[in-house]
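**Student:** Please take these sequences and the hints and turn them into a complete structure.
All letters in the sequence shown, in the order written, are residues 1 to 399 by this note's numbering.
Honestly, the hints are just simulated from the structure, not real lab data. Where hints are given, some of them may not hold.
Claimed, not checked - Subject to a maximum C-alpha distance of 30 Å in a straight line, what follows is the list of computed DSS-like cross-link-like pairs (lysine-lysine): (1) K296 <-> K354; (2) K296 <-> K367; (3) K223 <-> K208; (4) K274 <-> K211; (5) K211 <-> K354; (6) K296 <-> K208; (7) K234 <-> K354; (8) K326 <-> K234; (9) K367 <-> K208; (10) K354 <-> K154.
In this text, all values refer to a predicted model and were calculated from it rather than measured experimentally.
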Amino acid sequence: MATHLQRFKLLVVWGCISGFVLLCCKSFPSVLTRSGSRGLVLLDIRNTLSSLQMWNAGRGSSKILWNITQLQNFSSCEVYNVLDVNKTLYGQPLCLGDMQRIPPTAVMFTTAHDVTKQRSIHGNTFRLWALLGSDVKPVLFISNASKERYLLDKACHHGWDVYLSPLCNSDQLPVLRSMFEVILQMYPGVPFYGYANADIQFEGGLVKTLKEIGQFTIKRLPKVLVIGRRRELKLPPNTSIDSIHQLIDEAKKGSRGFVVAIDYFITRSDFPWKDIPPVVVGRRAYDNYLVAHANKRRFSTIDVSDTVTAVHLAGTEAYAASHKKKGSNYNAKIVGRFDFTHGLTSCARWRTQKEQGRRVGLYRVTKVGFCGRGHWDKRKENWRELLDNIEVERVEWKE
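**Tutor:** Put into structure tokens, the structure is as follows:
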């Protein structure tokens with residue numbers, strides 16, 4: 001009799017546990033992840049919950065578009081077992097490249113998915129970013145270490161650091177803010193931290209410009225956001241670019257991209273990423289939102305298009321590609337309605353220009369040429385003329 005009673009109690013306890021697990025699965029379906037034969041693993045999401053709650057607390061109730069009930073849209077990008085949870089969330093590296101004794105001028109990171117037809121472009125990215133030298137530390141975030149082993153191996157081979165993306169949406173697209181937070185934590189004391197799309201290549205003007213900006217912005221211009229236009233370059237499939245000089249020569253064949261497309265963002269450590277909603281890369285609207293938000297908050301937005309050559313290797317075929325992909329409106333739903341015409345590169349409050357002796361000068365914009373709805377509505381008529389109709393003044397800083 002006692003044996004039957006004990007079995008009955010065990011069944012009741014087991015039923016309660018099973019019911020609780022099922023309830024968790026229904027409430028948080030995407031914070032549970034399957035990893036082969038190891039079964040389901042419940043992630044520690046306390047930090048994520050706290051972060052989202054803090055972000056919500058700063059918004060008016062009528063504008064809350066992101067709340068805790070939507071948490072199922074996010075998960076850690078890949079988890080193998082419980083012990084790996086903190087490693088994933090806190091950005092422990094999968095690979096560490098060349099160790100640098102002197103902090104670089106900038107840590108530049110990107111993220112990519114392994115697509116066969118994009119491998120030659122990603123190969124160029126791994127090679128050319130590494131050629132920028134010790135002034136730039138390249139970092140790659142990937143969403144799945146097993147499925148994206150090709151990217152992991154190639155990046156490690158060229159001296160990159162590689163991390164698992166700390167936070168993704170249900171389509172495995174990384175959250176921009178979470179990657180910046182990992183970079184800021186793992187590389188303290190670096191002058192600049194930047195993100196660029198995986199098909200964007202830079203030449204030496206990037207380092208030179210950032211060094212010049214760094215001399216003037218420390219204690220003078222808070223909350224810097226460096227942006228710029230790209231050059232479109234349509235390359236034949238499997239084309240390899242092996243040097244910065246070759247990149248510059250190829251870039252001369254390309255055309256300057258439109259002011260609405262922004263492919264890189266570079267900040268300093270004081271940029272308030274905690275105030276930025278959890279937008280994901282690879283989908284539209286987040287780039288113009290960041291610039292419009294920074295301008296509205298009177299941050300120091302700097303357009304470096306005239307001194308930094310950023311080459312878009314995917315070419316014109318990929319222009320606005322993010323508008324046609326699954327979940328293209330994902331970011332738009334998160335940030336809500338905003339005037340994207342105030343988020344163009346030409347809306348920056350500062351800009352850099354080339355000066356004599358190969359110097360780079362920092363100029364304050366006193367009159368924008370192409371910014372806002374009024375200019376946008378005339379873009380088909382004379383947008384290039386409007387773009388050139390800009391007034392700036394050279395700023396001489398006093399010590």
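**Student:** Please go over all the hints and tell whether each is borne out by the structure.
**Tutor:** Each hint tested on the structure:
Distance restraint check for K296 and K354: the Cα-Cα separation of roughly 28 Å lies within the 30 Å cut-off, and the hinted pair is therefore satisfied. The straight-line distance between the Cα atoms of K296 and K367 is roughly 16 Å, inside the 30 Å bound, and the hint therefore holds. Note on K223 and K208: the hinted pairing holds, with a Cα-Cα distance of about 20 Å set against a maximum of 30 Å. About 26 Å separates the Cα atoms of K274 and K211, which keeps this hinted pair within 30 Å; it holds.
With a C-alpha separation of about 14 Å, the suggested pair K211 and K354 falls inside the 30 Å cut-off, and the hint holds. Between K296 and K208, the direct Cα distance comes to roughly 28 Å. Compliance with the 30 Å bound is thereby established for this hinted pair. Proposed proximity of K234 and K354 is supported: the alpha carbons are some 27 Å apart, at most 30 Å. Proximity of K326 to K234 is assessed by CA-CA distance (about 24 Å); at most 30 Å being required, the pair is judged to hold.
Restraint check for K367 and K208: satisfied, since their Cα atoms lie roughly 26 Å apart, inside the 30 Å limit. At roughly 35 Å between alpha-carbon atoms, K354 and K154 are farther apart than 30 Å, so this suggested pair is violated.
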